[in-house]
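Participant: Protein chains in written order, with this note's numbering: chain L, 308 to 420; chain C, 9 to 117.
Be a bit skeptical, because a hint or two may be false.
What the hints assert, rightly or not - Restraint ranges, calculated between C-beta atoms of paired labels, are given here:
| no. | chain 1 | residue 1 | chain 2 | residue 2 | range |
| --- | --- | --- | --- | --- | --- |
| 1 | L | 377 | C | 50 | 21 to 31 angstroms |
| 2 | C | 23 | L | 361 | 37 to 47 angstroms |
| 3 | L | 310 | C | 86 | 23 to 33 angstroms |
Claimed, not checked - Sample of chain L residues facing chain C (criterion: CB under 7 angstroms; computed from the structure):
| no. | residue |
| --- | --- |
| 4 | 352 |
| 5 | 363 |
| 6 | 397 |
| 7 | 405 |
| 8 | 408 |
| 9 | 411 |
| 10 | 412 |
| 11 | 413 |
As the list claims (entries may be wrong) - Subject to a maximum C-alpha distance of 25 angstroms in a straight line, what follows is the list of computed BS3-like cross-link-like pairs (lysine-lysine):
| no. | chain 1 | residue 1 | chain 2 | residue 2 |
| --- | --- | --- | --- | --- |
| 12 | L | 345 | L | 329 |
| 13 | L | 347 | C | 104 |
| 14 | C | 79 | L | 348 |
| 15 | L | 326 | C | 50 |
| 16 | L | 348 | L | 329 |
| 17 | C | 104 | L | 348 |
| 18 | C | 79 | C | 64 |
| 19 | C | 76 | C | 104 |
| 20 | C | 50 | L | 348 |
| 21 | L | 329 | C | 50 |
| 22 | L | 360 | L | 329 |
| 23 | C | 104 | L | 345 |
| 24 | L | 360 | L | 347 |
| 25 | L | 325 | L | 345 |
| 26 | L | 325 | L | 360 |
| 27 | L | 347 | L | 329 |
| 28 | C | 79 | C | 104 |
| 29 | L | 347 | C | 50 |
| 30 | L | 316 | L | 326 |
| 31 | C | 64 | C | 104 |
| 32 | L | 326 | L | 345 |
| 33 | C | 64 | C | 76 |
| 34 | L | 326 | L | 360 |
| 35 | L | 360 | C | 104 |
| 36 | L | 345 | L | 316 |
| 37 | L | 347 | L | 316 |
| 38 | C | 104 | C | 50 |
| 39 | C | 50 | L | 345 |
| 40 | L | 329 | C | 79 |
Since the hints were made in silico from the structure, they are not lab data. Even glycine gets a Cβ: it sits at the ideal position worked out from N, Cα and C.
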Amino acid sequence: DTEVTQTPKHLVMGMTNKKSLKCEQHMGHRAMYWYKQKAKKPPELMFVYSYEKLSINESVPSRFSPECPNSSLLNLHLHALQPEDSALYLCASSQARGRDEAFFGQGTRLTVV
Amino acid sequence: GENVGLHLPTLSVQEGDNSIINCAYSNSASDYFIWYKQESGKGPQFIIDIRSNMDKRQGQRVTVLLNKTVKHLSLQIAATQPGDSAVYFCAENTDKLIFGTGTRLQVFP
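Taking the hints into account, I'd like the entire structure generated from these sequences.
Facilitator: Next up, the structure:
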């Protein structure tokens, strides 16, 4: 099983809403990642978790709040987003941080209205 | 700082021809590179990787070449097929996975 599962696939939210993106993997990977991808651009790293601890925050605004409840799950809590935050949000995992291939989920297409 | 970039934004090839996608990087300490394929509406899909102790690695119909002297790597796809149409990213994974700008491969009959 080399699958990373993201839910929901699509999400439309208002600027005052609170929502969460979810990511799950059962490959025993100990590193998990959140990326943001705008149209026609490469994925941009947001957060890295290593052994369930946040190890990298790429200066992401506090309206994005990551959480790693256990080694298989990764959440991204969203609050008070702006329309420019609309993008494809990708989750990925790898055996360890920085040394192995990362497997990506299909992403959550987020639209902020 | 880290900078992984691509030379060409779009590459058009005829079905059956070989494709070559190039990528330059600036961090001479980079020692692990990955090529990803991303189809429309999907997440990036791992194609092949290479570590700095190698200069060539082959997979099924794909070959990655690494030239550390000029900090350049390339992805070669043999006998390109319509299903190869996608955006291809090189990525550096030394401490964190950083993507280059991407090349769109278009395959025409």
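Participant: If a hint holds in the structure, say so; if it does not, say that too.
Facilitator: Verification of the hints:
1. A hinted range of 21 to 31 angstroms holds for the C-beta pair residue 377/L and residue 50/C, which are about 27 angstroms apart.
2. Between residue 23/C and residue 361/L the CB atoms are about 46 angstroms apart, so this pair conforms to the stated range of 37 to 47 angstroms.
3. For residue 310/L and residue 86/C, the Cβ-Cβ distance of about 28 angstroms falls inside the hinted range of 23 to 33 angstroms, so the restraint holds.
4. For residue 352/L, the suggested interface contact is upheld, since its CB lies about 6 angstroms from the closest CB of chain C, less than 7 angstroms.
5. Evaluation of the residue 363/L hint against chain C yields a held restraint, the C-beta minimum of about 6 angstroms falling below 7 angstroms.
6. Proximity of residue 397/L to chain C holds as hinted, the smallest CB-CB distance being about 5 angstroms (cut-off 7 angstroms).
7. The beta carbon of residue 405/L comes within 5 angstroms of a beta carbon in chain C, closer than 7 angstroms, and the hint placing it at the interface holds.
8. Hint on residue 408/L holds. Least Cβ distance to chain C is approximately 5 angstroms, under the 7 angstroms limit.
9. The criterion of a C-beta within 7 angstroms of any C-beta in chain C is met by residue 411/L, whose closest approach is roughly 4 angstroms, and the hint holds.
10. Using the Cβ-Cβ criterion of 7 angstroms, the hint placing residue 412/L at the interface with chain C is satisfied: the shortest such distance is roughly 5 angstroms.
11. Checking residue 413/L against chain C by beta carbon gives a least distance of about 5 angstroms; that is within 7 angstroms, so the hint holds.
12. Between the alpha carbons of residue 345/L and residue 329/L the distance comes to roughly 19 angstroms, so the proposed pair stays at or under 25 angstroms and holds.
13. Only pairs whose Cα atoms come within 25 angstroms are accepted, and residue 347/L paired with residue 104/C is accepted, the gap being roughly 22 angstroms.
14. For the given pair, residue 79/C sits about 22 angstroms from residue 348/L by alpha-carbon distance, which is consistent with the 25 angstroms threshold.
15. Restraint check for residue 326/L and residue 50/C: the C-alpha separation of about 22 angstroms stays at or below 25 angstroms, so the hint holds.
16. This hinted pair checks out: residue 348/L and residue 329/L have alpha carbons roughly 23 angstroms apart, not beyond 25 angstroms.
17. Distance restraint check for residue 104/C and residue 348/L: the Cα-Cα separation of roughly 18 angstroms lies within the 25 angstroms cut-off, and the hinted pair is therefore satisfied.
18. Pair hint residue 79/C plus residue 64/C holds up; C-alpha atoms about 14 angstroms apart against a cutoff of 25 angstroms.
19. Between the alpha carbons of residue 76/C and residue 104/C the distance comes to roughly 19 angstroms, so the proposed pair stays at or under 25 angstroms and holds.
20. Of the pairs offered as hints, the one joining residue 50/C and residue 348/L holds, with about 14 angstroms between alpha carbons and a cut-off of 25 angstroms not exceeded.
21. The straight-line distance between the Cα atoms of residue 329/L and residue 50/C is roughly 16 angstroms, inside the 25 angstroms bound, and the hint therefore holds.
22. As the CA atoms of residue 360/L and residue 329/L are separated by approximately 17 angstroms, the hinted pair is consistent with the 25 angstroms bound.
23. For the hint pairing residue 104/C with residue 345/L, the CA-to-CA distance comes to about 19 angstroms; that is within 25 angstroms, so the pair holds.
24. Taking the CA atoms of residue 360/L and residue 347/L, the gap is about 31 angstroms. The hint is violated against a cut of 25 angstroms.
25. Under the criterion of a C-alpha separation no larger than 25 angstroms, the hint pairing residue 325/L with residue 345/L is consistent with the structure, at around 21 angstroms.
26. For a cut-off of 25 angstroms, the pair hint linking residue 325/L to residue 360/L stands: about 23 angstroms separates their Cα positions.
27. Among the hinted pairs, residue 347/L with residue 329/L is consistent with the structure: their alpha-carbon atoms are about 24 angstroms apart, no more than 25 angstroms.
28. As the CA atoms of residue 79/C and residue 104/C are separated by approximately 18 angstroms, the hinted pair is consistent with the 25 angstroms bound.
29. About 13 angstroms separates the Cα atoms of residue 347/L and residue 50/C, which keeps this hinted pair within 25 angstroms; it holds.
30. For a cut-off of 25 angstroms, the pair hint linking residue 316/L to residue 326/L stands: about 13 angstroms separates their Cα positions.
31. Under the criterion of a C-alpha separation no larger than 25 angstroms, the hint pairing residue 64/C with residue 104/C is consistent with the structure, at around 23 angstroms.
32. Among the hinted pairs, residue 326/L with residue 345/L is consistent with the structure: their alpha-carbon atoms are about 19 angstroms apart, no more than 25 angstroms.
33. Restraint check for residue 64/C and residue 76/C: the C-alpha separation of about 11 angstroms stays at or below 25 angstroms, so the hint holds.
34. Taken as a hint, the residue 326/L and residue 360/L pair is honoured in the structure, with Cα atoms around 22 angstroms apart against an allowance of 25 angstroms.
35. In summary, the hint linking residue 360/L to residue 104/C is supported, as the alpha carbons are separated by about 15 angstroms, within the 25 angstroms threshold.
36. Only pairs whose Cα atoms come within 25 angstroms are accepted, and residue 345/L paired with residue 316/L is accepted, the gap being roughly 16 angstroms.
37. A C-alpha spacing of about 19 angstroms is found between residue 347/L and residue 316/L, which places the hinted pair at or below 25 angstroms, so the restraint holds.
38. Proximity of residue 104/C to residue 50/C is assessed by CA-CA distance (about 21 angstroms); at most 25 angstroms being required, the pair is judged to hold.
39. Pair hint residue 50/C plus residue 345/L holds up; C-alpha atoms about 13 angstroms apart against a cutoff of 25 angstroms.
40. At most 25 angstroms may separate the alpha-carbon atoms for a hinted pair to count; residue 329/L and residue 79/C exceed this at roughly 37 angstroms.
The structure shown violates the earlier hints numbered 24, 40.
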